[in-house]
Amino acid sequence: MKLVNIHQSIRSKSENRRQTSREQTNTDHKYKLPQLMDKQISQKTFKKPPLQQKSRRIINSKIPKLEIQLYYGSLSKAGFDGFCEKTNQDREFAEIIDDEQGIFAVMDGHGTDGDQISTFVRDYFQQYAIKDFKTIDFVKLFANAHSNVASHSHFDSLMSGTTATLIVIRDQVIHCAWVGDSRAILCSRQQNKLITTDLSIDHKPHLLKEKKRIENQGGAVNTYKLQNGQSVGPSRVYIKGASFPGLAMSRSIGDQIAEQVGVSHVPDIKQHQITRDDLFIIIGSDGLWEFLDNNQIVEITHQYFLNNDPQGACQKLIQESKTQWKKFSEGVDDITVIVVFLQNSNT
1 MKLVNIHQSI RSKSENRRQT SREQTNTDHK YKLPQLMDKQ ISQKTFKKPP
51 LQQKSRRIIN SKIPKLEIQL YYGSLSKAGF DGFCEKTNQD REFAEIIDDE
101 QGIFAVMDGH GTDGDQISTF VRDYFQQYAI KDFKTIDFVK LFANAHSNVA
151 SHSHFDSLMS GTTATLIVIR DQVIHCAWVG DSRAILCSRQ QNKLITTDLS
201 IDHKPHLLKE KKRIENQGGA VNTYKLQNGQ SVGPSRVYIK GASFPGLAMS
251 RSIGDQIAEQ VGVSHVPDIK QHQITRDDLF IIIGSDGLWE FLDNNQIVEI
301 THQYFLNNDP QGACQKLIQE SKTQWKKFSE GVDDITVIVV FLQNSNT
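When the letters of the sequence shown are read in order and numbered with UniProt numbering, they come out as residues 1 to 347.
It is worth saying that the hints were derived from the structure and are not from the lab. Incorrect hints may appear among the rest.
As the list claims (entries may be wrong) - Once the Cα atoms are required to be at most 30 Å apart in a straight line, the calculated DSS-like pairs of lysine-lysine come out as:
id	residue 1	residue 2
1	K204	K140
2	K212	K240
3	K270	K316
4	K193	K322
5	K140	K211
6	K327	K86
7	K270	K209
8	K316	K326
9	K193	K86
10	K240	K211
11	K86	K316
12	K140	K327
13	K326	K86
14	K131	K327
15	K209	K225
16	K225	K86
As the list claims (entries may be wrong) - Distance ranges between label pairs, derived from CB positions:
id	residue 1	residue 2	range
17	Q303	G331	27 to 33 Å
18	I201	Y224	40 to 46 Å
19	I130	S151	19 to 25 Å
20	T197	V139	18 to 24 Å
21	H302	G241	46 to 52 Å
22	F83	G233	18 to 24 Å
Here a beta-carbon is modelled for each residue, glycine too, at the ideal position from N, C-alpha and C.
My request is simple: use the sequences and hints to build the entire structure.
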């Protein structure tokens, strides 16, 4: 799509959208995924986890040197706009593979159809990440999810999209692939101190590498300006000389207009070899981290780690995050968190 046609596309999409009013419910939308990789996906193969996933304990007895036990909990809560509860655009899933390995992901949708896009990407990732668990190509997975979102007829991805942070624990290695600002961190214990390691880095437009790519492709990185010229809020991506799309992240799935000016669906990827010092992983949408820093979140989680209660950790983290939101903001963002405890029976 050329930039000169953007206004026409948005107007056409908006007119079509006004013809249909969708009633929002707490039930995820289900869509039939289009054909990809020369295989048709059967709806029967989908395993739809609930938003609140109960903790599970898995013991790895196949690796003699470092026996890992995975316990996880997950929870997602809709935000509040100051008047009523919003439609939750966050999605998550957690799956244990081959008893000792797992897949965990958080998506945070944005824009008018963000909830539908995050649902679609969650279902797509869950399908293919499990199927190709041993040989997963993260770049291809994200690219295929993005192209399917762009071509889908049931929602509008011109100015809607989602973050995606995917953790794969396989053969005692943590693989993290992500686009956007849903964050993942690892907590370790060294000399009786808790150490935090970033498994992901938020994709923000002001970061030098991200800003350079956006500007080289005809975009501009600015903060939102009020009528009096005052800048407010985070850095956003705009078409040069225009007041849209105003995306507050530099990578995402969807967001076709922002893609034309450098917003990328290509994930960054990081690996970490699990050691006896590693305690737990936390994955969360940006609502979790807005008013709590990494160290605060680790300290809260560690209290529940000592009691092997990852679900309790999720509940406490969201409770504390919402408390901080209410102190500093009129509304509350959607908040989603997955906590994965890495237990080591040799210590």
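These are the hints, each one checked on the structure:
1. K204 - K140: 22 Å, holds
2. K212 - K240: 14 Å, holds
3. K270 - K316: 28 Å, holds
4. K193 - K322: 27 Å, holds
5. K140 - K211: Judged against 30 Å, a Cα distance of about 24 Å means the pair holds.
6. K327 - K86: Roughly 19 Å between the alpha carbons, so the hint for K327 and K86 holds.
7. K270 - K209: The hint holds at about 17 Å.
8. K316 - K326: 15 Å, holds
9. K193 - K86: 39 Å, violated
10. K240 - K211: 13 Å, holds
11. K86 - K316: 21 Å, holds
12. K140 - K327: This hinted pair is violated, its Cα atoms lying about 42 Å apart.
13. K326 - K86: Roughly 15 Å between the alpha carbons, so the hint for K326 and K86 holds.
14. K131 - K327: Violated. K131 to K327 sits at ~44 Å, over the 30 Å cutoff.
15. K209 - K225: 24 Å, holds
16. K225 - K86: Holds, at roughly 25 Å.
17. Q303 - G331: 27 to 33 Å: 28 Å, holds
18. I201 - Y224: 40 to 46 Å: With Cβ atoms ~23 Å apart, the hint is violated.
19. I130 - S151: 19 to 25 Å: 23 Å, holds
20. T197 - V139: 18 to 24 Å: 23 Å, holds
21. H302 - G241: 46 to 52 Å: Taking Cβ atoms as reference, H302 and G241 lie about 49 Å apart, which means the hint holds.
22. F83 - G233: 18 to 24 Å: 21 Å, holds
In this structure, the hints that do not hold are numbers 9, 12, 14, 18, in rising order.
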